[in-house]
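*Asks:* Here is what each chain is made of, one letter per residue.
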Amino acid sequence: AQKVTQAQTEISVVEKEDVTLDCVYETRDTTYYLFWYKQPPSGELVFLIRRNSFDEQNEISGRYSWNFQKSTSSFNFTITASQVVDSAVYFCALSEGAGDYKLSFGAGTTVTVRA
Amino acid sequence: DVKVTQSSRYLVKRTGEKVFLECVQDMDHENMFWYRQDPGLGLRLIYFSYDVKMKEKGDIPEGYSVSREKKERFSLILESASTNQTSMYLCASSLLATKNIQYFGAGTRLSVL
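Protein chains in written order, with the working numbering: chain W, 70 to 184; chain P, 24 to 136.
It is worth saying that the hints were derived from the structure and are not from the lab.
Keep in mind that a hint or two might mislead.
Stated by the list, open to error - Just so you have them, the derived chain P footprint on chain W, three or more residues with Cβ under 8 Å:
(1) 108-115
(2) 174-184
Claimed, not checked - Heads up, simulated DMTMM-like pairs for lysine to aspartate or glutamate below, C-alpha to C-alpha not over 20 Å straight-line:
(3) LYS80/P - GLU53/P
(4) LYS171/W - GLU95/W
(5) LYS72/W - ASP82/P
(6) LYS171/W - ASP74/P
(7) LYS26/P - ASP49/P
(8) LYS26/P - GLU40/P
(9) LYS26/P - GLU113/W
(10) LYS80/P - GLU45/P
(11) LYS171/W - GLU79/P
(12) LYS107/W - ASP87/W
(13) LYS171/W - GLU53/P
(14) LYS80/P - GLU165/W
(15) LYS139/W - ASP124/W
(16) LYS94/P - GLU53/P
(17) LYS171/W - ASP82/P
(18) LYS72/W - ASP61/P
(19) LYS41/P - GLU102/P
(20) LYS107/W - GLU86/W
(21) LYS78/P - ASP61/P
(22) LYS72/W - ASP91/W
(23) LYS85/W - ASP155/W
(24) LYS171/W - GLU95/P
(25) LYS36/P - GLU102/P
(26) LYS94/P - ASP74/P
(27) LYS93/P - GLU53/P
(28) LYS41/P - GLU85/P
(29) LYS107/W - ASP74/P
(30) LYS80/P - GLU102/P
(31) LYS93/P - ASP51/P
(32) LYS94/P - GLU45/P
(33) LYS107/W - GLU79/W
(34) LYS76/P - GLU45/P
(35) LYS78/P - GLU40/P
(36) LYS171/W - GLU85/P
(37) LYS171/W - ASP61/P
(38) LYS171/W - ASP51/P
(39) LYS76/P - ASP49/P
(40) LYS78/P - GLU102/P
Yeah, the Cβ is synthetic: ideal placement off N, Cα and C, and Gly gets one too.
Using the sequences and the hints, build the whole thing.
*Replies:* Below, the structure is given as structure tokens:
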């Protein structure tokens, strides 16, 4: 069964629009970690954020913000005032348990920002 | 900065060939991983290693093997390449202390003809 679901396959926006990427996860563990990675056209996945299951505070980093809601098992990612450089594939991932270091990735969402 | 280097960006091989994909990291990370990335499937873990000469199967190990003789180097081996192994292969590493933050290489796009 898919542990991480990214229902949006592709999103296309015009520069300066906001874009929200959805991520829904499934786990029975009480301790787990959620991640977002960015994969630009160069191919290398870039780590963006890690959030543990005990910290439901939303986080903002520049134009990026994350909304973690355990009640709906979601960890959504918003890019505010998008730029062409934000065009990439974005992956949500889950690491279950306190001692596990494997990641389960979603299928990814391709974001295209048009000038 | 962490540097994970994969030896080739693009590789074309024939069915039945033995293929080696090499990955080197320069940050003394204990853990190393091999994934394959296919459209619509995200990244799927093939094998990982948490120490020299140690390895564990991931979700899709069939048709692959790995080797870790030195801490900094993790090799993925396709014993007899098949067309269904055409894919993007990504290597990653992580530090034991921050074990689930993985750092990735740029990937090797392998085509098996």
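*Asks:* Provide an ascending list of the numbers of those earlier hints which the structure does not satisfy.
*Replies:* 8, 21, 29 and 35
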